[in-house]
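Peer 1: These protein sequences, in sequence, are chains A and D. In terms of this note's numbering, the first sequence is residues 103 to 300. In terms of this note's numbering, the second sequence is residues 103 to 300.
Each statement offered as a hint is correct.
Far from chain D by the CB rule (all over 12 angstroms, computed), these chain A residues:
#, residue
1, ALA201
2, ALA222
3, ARG266
4, GLY296
Pair ranges (Cβ atoms, derived):
#, chain 1, residue 1, chain 2, residue 2, range
5, D, PRO158, A, LEU270, 42 to 48 angstroms
6, D, PRO105, A, GLY159, 21 to 27 angstroms
7, D, LEU270, A, ALA190, 44 to 50 angstroms
8, D, PRO158, A, GLU211, 18 to 24 angstroms
9, A, ALA227, D, PRO299, 50 to 56 angstroms
10, D, ALA265, A, VAL295, 55 to 61 angstroms
11, D, THR216, A, GLU211, 33 to 39 angstroms
12, A, ALA195, D, THR216, 33 to 39 angstroms
13, A, ALA277, D, THR287, 44 to 50 angstroms
14, D, HIS183, A, ALA290, 41 to 47 angstroms
15, A, PHE184, D, PRO299, 47 to 53 angstroms
16, A, THR216, D, PRO158, 14 to 20 angstroms
17, A, VAL293, D, ARG268, 55 to 61 angstroms
Derived by calculation from the structure, the hints in this document are not laboratory data. C-beta atoms are modelled at their ideal positions from N, C-alpha and C, and glycine is treated no differently.
2 protein chains.
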Amino acid sequence: MPPHLPAQLEFLLMCDRLKAVSRSTFLHDGSRPENSAEHSWHLALMALTLAEYAAPGTNLPRVVELLLTHDLVEIHAGDLHFAASPEAHARQARAETEAAAQLFGLVPEPQRATFHALHAEFEAAQTPEAQFARALDALQPLLLTWAGGGLGCAMREPDLTAARLRALKEPRLRAFPALWTLAQTVLADAVEVGTLPA
Amino acid sequence: MPPHLPAQLEFLLMCDRLKAVSRSTFLHDGSRPENSAEHSWHLALMALTLAEYAAPGTNLPRVVELLLTHDLVEIHAGDLHFAASPEAHARQARAETEAAAQLFGLVPEPQRATFHALHAEFEAAQTPEAQFARALDALQPLLLTWAGGGLGCAMREPDLTAARLRALKEPRLRAFPALWTLAQTVLADAVEVGTLPA
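Isolated chain A, as found in the complex (with noise of 0.2 angstroms):
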C-alpha cells in the first residue's frame, strides 16, 4: 500500500460525517434540512452551471475545489447560522481554524498544505475564485427557500425580512450582476406572495 494512503483513508473517512451536519435551509421541497456535503455538491454543480457569470479569467476548477471542501471544517465547528452575531461569527473563526487544524492534520505534506490553503482562500475572500464560490454559497439557500414558497420562514425565521436578507446578501453578489439580480427577483416575488415580510 502507498505509504500515504491509510492516512487519506482515515481524513476522506472523516469527511463522511459532513452528511450528519444540519444546515438551517431546507431542500427545496421542505422535507428535510439539508446537510453540509450534499450542500456542498449543489454549490459545485452551480460553479458548472453557472460558470458563464463568473468574472473573466476565473478558474472554475479552483472554484470547484474550494467549493467541496469550504465546510469540511464544519466537521467539528458545526454550522452557523448567516444571520448570527458578529461575536458568534468571530467565536466560529476561532473554532474553524481549531478544526482546520486537527482535519487536515490528518494527511501528511504537502497535501496538508494544499487543504489549508484551500480553507484560507475560501474565508480570506480576495480572489476571483474566492469570490465567485462566495456568492453562490449566498445565493444557494436563498434559491432553495424561494423554491419551497418558504422564504421567511415565518416559523423558522420569525426576524428574517427582505430588507435585512438584501443588506446580509449583497455585499457577497453585487460583484456578479446576475447572480444579484437573481437574488433580488426572489426577494421581491417572496414580498410580492406574502412569504417575507419587506
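On the provided structure of chain A, position chain D as indicated by the hints.
Peer 2: Below, chain D without anything else, positioned relative to chain A:
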C-alpha cells in the same frame, strides 16, 4: 436577467432532488442510507485527495466534473444496486438515457450538449478521466461499509461474499494499483473479522 438564467435555475432546482435519491450503501456510522448527492460530493473530494493514484496526465478537473454529474440521471431513473442482474442493468441504461434527455433538456444549447457529453463519457468508460472516476465510484461504498464494520451487511445483503465483490469490483479498479490494493485489503479484513463470508 440574462436569457439563460431562468432555465438554469429550473435545472438547478430539479437537481436538488438528487438529495432524495437513496443508495444501498449506509453512511459509515450506520445511521442511515447515503443519498446520491452527498455520495457525488464524497467522490469529488476523493478525486482531489487521491489524485496521485490516477494515471499520469489525467485531467483532474474533468474527473471532478464527471463525478459531480454522473448520478444526476437518477433523479428520474432512480439508483440501481451494483450487483443487480444484467437485465436490470440494461433496463436501467435505457431509463437513464431517457432521464438524461429530460433533465439536460431543461438547459439550452450549448450547455445541454456539455451535460450530455459528461454523462456519455462516464458511461462509456473509455477516457482516463472516466476510468478514474468509475474506479472511485466502485471503491467508495466498500470503504464506507468496511469502516462501519458492516461489510457484507449480512441482514441487507445476504448473498454477498468477498469473492463476488472482488469479481464485481476488479474490472473498474485493477488499472489503479493503489486503489485495487486498498479494496483487496478492505475485503480481506472484512473476511478476517467475520463480517463478510469469503
